[in-house]
Amino acid sequence: MTEHTDVRHAGEAHASTRTYLVIAAILTIITIIEVGVFYVPTLHAILPPTLIILSAAKFTLVVGFYMHLKYDHSLFRAVFLFPLAIALAVIVGLLFLFRVL
Amino acid sequence: MSHAAVAHHTSTGLDSRKIAFWTFIGSECLLFGSLIATYLVYQGRSVSGPTTHEILNIPLTSISTFDLLMSSLAMVLALAAVQRGDRTWTRVWLATTALLGAVFLGFQAYEFQHFVHEGLGFTTSLFGSTFFTLTGFHGAHVFVGVLWLLTLLVRSFQGKLGPAKALNVEIAGLYWHFVDVVWIVIFTVVYLIQTTPLPAA
Amino acid sequence: MARAFSRRFRASPWLAGLVLATPLVLAACSGDPYPQSTLHPASGVGEAIDALYRNIFWWAVAVFVVVQTALVYTLIRFRARPGGPEARQIHGNTLVEITWTLAPAAIIIAIAVPTIRTIFDVKGDGPPDALQVEVIGHQWWWEYRYPALGIATANELHLPQGRPVVLAITSADVIHSFWAPKLHGKRDAMPGRVTHLAFTPDSVDTYLGQCAEFCGASHANMRLRVVVQAPADFEAWAARQAEVAAVDSTQALVLAGEAAFKKIRDPGAHSCIVCHTMAGVSGGVAGPNLSHVGSRSTIASGLLPNDSAGLARWLRDPLGEKPGSLMPRIDLTDDEIAALVAYLGSRK
Amino acid sequence: MATTAMPHPETAAPAAPTGLWSWVTTTDHKRIGILYGVTAFFFFLVGGLEALVIRLQLGAPGNTLVSAEAYNQLFTMHGTTMVFLALMPLSAAFFNFIIPLQIGARDVAFPRLNAFSYWVFLLGGLFMNASFFVGPLFGADTLSVAPNGGWFGYANLTSSQYSPGPNIDFWVIGLQILGIASLAAGFNFITTIINLRAPGMSLMRMPVFTWMSFVTQFLIVTAFPVITIGVVFLMFDRFFGTTFYNVAAGGDVLLWQHLFWLFGHPEVYILILPAMGIVSEVLPTFSRKPLFGYAVVVYSGVLIGVVGWGVWAHHMFSVGLGPIADSVFSASTMLIAVPTGVKIFNWIGTLWGGRLEFRPPMLFAVGFVSLFIIGGISGVMHASPPADLQQTDTYFVVAHFHYVLFGGTVSGLFAGMYYWWPKVFGRTLRDGLGKLHFWLMFVGMNLTFFPMHFSGLLGMPRRIYTYGPELGVATYNLVSTIGALLTGVAMLVFLWNVLVSRRGAAAGPNPWNAATLEWATSSPPPVYNFSVIPTVKDGLPLWREGGMEPSPLPAVPPAPIHVPGGSIWPLCTAVGIVVIGVGGLMHQSLWPSLGTALAGAALTVVSIYQWAFEPFEV
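First to last, the protein sequences are chains A, B, C and D.
For the first sequence, the residue numbers in our numbering are 12 to 112.
For the second sequence, the residue numbers in our numbering are 54 to 254.
For the third sequence, the residue numbers in our numbering are 924 to 1271.
For the fourth sequence, the residue numbers in our numbering are 5 to 622.
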C-alpha cells in the first residue's frame, strides 16, 4: 500500500469529456443492437448468449469509465469485483440447482 | 455529506467514504443478484396471468433504457463540471440527470399502471410478484437517487458545492451509475431474454 | 491449579472415547431399548449408510485421539514451571505446515470416496418391479396410498419383507420429513415436489420413526410405524384393506356407533364424515382414512394405543392429546363415545 | 452538536463527558463497544434462560412444564437470540473496542454510523423480544405471539396460511432491522481496517483478531443482502399476498431454503471467525511466543471465508437435490475442513515450545481449541450426505453446532472478555473466580452437549417439545438438563466475578505483557486512544525491539487532538426505522399501519438529512 498523507484529489487522471461522449455513443449503439437482435426471429436460438455478452459489455463500459474503476486505485476493484463475483456465482449456482440451466 | 474532513492520516491515501461506498455497491450486487436469480428461477412457472410476451413492451422500455443511459452521461458531465468549479454547468447537468431519472420513473409508473390494467397485478402470479419486486426495488433506488441529486442541486444553489466538495458528487455519481448498470442487466434479463417461445411472428 | 487442570485434561480423551462407545455395546445385547436408533439398520440401503457412517466414525475417533492427545501433551509438557525454560520464539515451519495440510486432506479424500459412492447407491431409484407407495405428509399425521393395490391407510406403513419398495414422498401442507431410522435416512416431504426413498426391508418387525422437519405445533407428535410383514401376511393385509368391513348388525353398540359416526352435527365441520373417509359411508379427505382403523395398533399418529381407553381419550379431547390438532373438540356424550369406540374398533 | 474544543497541549486530554446524554449521543468506539457488550450479554442471558426452560421441558419424557406452542416460541427465540442478539453483537463489542486500538487508529472511519449500528441493534433486539409481552395488543394472551417458526423460519410453515398470527411478523421485521445494523457496521469496519491503519502496519503486520474480523465483515456485507431478499419475499407474501412461496401458484418452498442457507453458512463463519481471532491473540500472549505460522492462519481464515460461500446446501442433503449436487456440496464442505484443521494445528504449534501460563484467558482459549476439535470432527461426520440423512435434524447436529458455537465461539468470547477486561475497565477480573467459571462451564458444557450425540444417533429429532419414554433417550436428556443447570451456575460465577472485580487493583497498560498495539496505550485508553499515532515496524510491535515508534507513547499528547463530539441523529434515525417496523407489524389494518410507517419514514429521512448536514469532523 502506497503511503499518502494528503487526501489525493479525486479523479485527477480522469477521462475527458470527449471520452464520455464516445462511451455514451457506444452504449447507445449496443442498446440498439440488443433490441434489434431481439426482433430477428432467425437469431432466436442464440438470443440469450448474445444478449448476455452485449449487456456485459455495457456493464463493463459504465463501471470502467463512468464509475472510474479503470483509473482508480486497485482497492476499489477488489472491494467491488469480489462481491460481484459471488453474486454471479450465486445466480449461476441457483439456476443449476433449480434446473433452469 | 459533511464538509471535507480535515486532511488526516489514511493508510491508502484514499477517502474513506469512497471505499465504504464501493463496498456498499459490492453488497448491493448481492441484493440485486438474489432478486434477479429469483426472477430467472421462477420464469415460466406462473400458473395463471399474462406471460412476458403478452405484456412486456419492448419499444417503450428501450426508450426508458436510453433515457437512463443518457442520465449517466449527464451525471459524469456534472461531476466534471463540479471538479472544474463551473457552477452553472454543475447545476445544468445535475438538474438534467435528476430530470432524466424522474422521466424514467414516469415511464415505470406508466408501465406498472398499464400492467395492472392488463391483468398483471402484484399478487396475480409469480411473474407479477417477481417482476414488480425486482423492478420495484430498482425503481426505489432510482427514486432515492433523484432525491440525492436534487439535494446536491439545492446545496449547489446554496453555494455549498464547490470543487472541494467534488467527492460528494462523485459518490452520488457512483450510486447513479450503479443503479443504471443494474437496469442494464434487468433490461436484458427481464425484457429481452424471454425464454418462453416467441409467438408466431 | 495448573496440575489439576492438566490431570483433568489427561483423562478427557479416554473418558470421551469410553462414553462414545457405550451405546454401541449396550444396544447390541439388550432387547430393543432404542427403537429409533440409527445404528441398527434393517435394510440393504440402511446397512450401506451405516457402514459408511462407521467408516467415518472410526476416522473421527482416530483424529480425535491424535489431536486431543497432541494438545494435552503440549499443555502438560510446556506448562510454565518455576525456573523452567523460556519460550522458544518459533515463527513457523513450512515443512510442518505442509504435512498438517496434506494429512487432513488425505483423510478427507479417504472419507469422500466411499461417500460419493454411497450417494449414488441411495439416490432413491428402486427396480421397476418395486412396490410403489405414495407417502403424503399432513399436519401432523402420515397418509400412505398403494396405487397398485388401490388402498389407502394412515400412520402405519405395511410393507412385505424382502421386496424392494419405492416411497414417493410429498406433503399436503408444510414441509415434513419421513424418517424410519432403521430402514433408511430421512427424506423431506415438500409441498409441490415428489422425493423418493428406495429400500428393501430385511426382516419382519415393526420399526418406529417420526417426522424430522419442524412442521408446527405438533411436530413432536407426528410419529409413524413401518410394519414389515412376511409376504403372505402382507397380501392378506392388503386384501383385507381392499374390502369394505361389514358392520356386524347384531351388535347394538356398533350400530349406534355407526349412527353417531354418520350424524351431522352443529357446526357441520364437527361431523365425522366431513373429514374422514369410511369405506361405503363417507369420503372426507381432510383427516386419515378410517376404513380399517380397527386393524391399526395405534391411533393419533402413534400417540395412543388403539384400544378402547386410547380411542375414548382421543375422542374426548383431541386438542389436549395433540396440541394444535385440526380435529376439533366435539361435544360427545359418554354413550356416543362408547358407541364410536365399539364401531371404530370393529373396522378391522 | 458543537465539536469538543481542541485541548491545549499543556492541559490534560479532555475528560470524556459524563451523564446519560453523553451516552445517548456517543460516537466514541470504546463507549459503543461497552454498550454493545452489555446489551449483548443481557440478551445472552435471556437466550440462556430460554435454553434452561427448554432443557427442563426435555429433562423427562412426556413432560408438561411448557405447552407445545410455548416450547416452539422458546426454541425459536433461543436460536434467533443467541445468533443475532448475543454472539454477533458480542463479537461486535470486540470489533468496536479493540480493532481501532489494534490498528493504531483514534476511532472507526464513520463514528456516527457506528453509533447508528448499535442503536438499530438495540431497538431491533427490543422489538423482537417485545413479542413476549405484547400478546394482548393482538387479542392473544402474553407469551403467545413470540416467533415460533424456528431460527431458520422455513417457508411455507411461516406463510400466513400456516402461521396466521403476528409471531412470524415480529421475526421477519426484527430480522430486517438487525440486518441493517450488521450491514452498517460491516461497511464501517471494512473501511476502518483498510484505511486507518497506523503507518508501517501493512496488511501482513495486522493482528490476527483484526484479520479475522476483516474476513467476517466481508462475509456480513455479502451474506446479509441475500437473507434480506429472502425475508422481503416472506414479508410480501405475508403482508400483500404475493406468491413467492405459494406452492399452488407455482412458488417453490426450496427457494427460501436456498436463500436462507446462502446466508446461513457464511453466518456461522461470521460467528466463529472472530472467536478464532481472539484465540489467535490469547494463545501467543500466554505461551510467551509468537503465533505459529501467522501467514498460514491468516490465509486459512480468508480461505474459510471464500469457500464458506460454496457449501450452503449441506444443510439440505435430506431435500434430495440429486446425487450430483449432493456430491459437489459434500466435497466443498469437506474441503473447508482442511483450512479449519490447519488453524487448529497452528494453535497447537503456538503452544508447542511455549511457557504456558494458565490464566483465565488462556484456559478459555485452550478450552476453545479442545472443544472446537470435537465440534469440527462431528461436523465432518455429517458432511457426508448418506450419513447426514441419519444425522440431520437430530440432536447429533444440535451437539455438533453447540460444540462449535458454545464450546467454540462462547469460550472464545469469554477468553476475549478476560483478556481485554483490564484494557476496557482498567481492572483485571479475579483469577480464582475465572478458573472456577471455566471449569464449571467446561464440565457443564460437556455434560449438556456430549450426551446429545447419543440422543441424536438414537433417533431423537430436533425441535420436539416432548418424546416418548420408549425412545430410550430419557437418561441422556436428563444428563443434558443437569449439564445445562451447571452451565447456568457457571454464568452466575462470571457475573459474580464482574461485580467483585469492580474495585480490584488498577491494571497497567499491559498487564499480560502482550505484543499488539492496544497494549501500548493506557487502561482504559483516553478518548483519543493514542497520544501520538505510533509507527509500526513489526507484527508484534511491543515484543520486538524498535517494533513501535515512539516507544513508550508520551503521556500527554504533544499536539492538540481533535475529538469529534456526539450526535443524536444516529439514534433518531434508528428510532425512525423501528417505527416503520411497528407500522409493518400492523399490516392487518391499512390506515394505522400506513400512518405509522409514513411517520417512521419521515423521522428517518429528517434524521438522515440532519445527520448529513451536521457539522461533524472525523
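These are computed hints drawn from the structure, not numbers from a lab.
Treat the hints with care, since some could be wrong.
[What the hints assert, rightly or not] Below, a list of computed lysine-lysine pairs in the DSBU-like style, where the Cα atoms sit at most 35 Å apart: (1) Lys-213(B) - Lys-81(A); (2) Lys-541(D) - Lys-81(A); (3) Lys-218(B) - Lys-81(A).
> Holds or violated: Lys-218(B) with Lys-81(A), Cα cutoff 35 Å?
Replying inline: Status holds; Cα separation ~22 Å.
>> For Lys-213(B) and Lys-81(A), compute the direct alpha-carbon distance and say whether it is at most 35 Å.
In response: holds, 29 Å
>> With the threshold set at 35 Å, check whether the alpha-carbon distance from Lys-541(D) to Lys-81(A) stays at or below it.
In response: holds, 33 Å
In terms of the numbered hints stated before, the structure departs from none.
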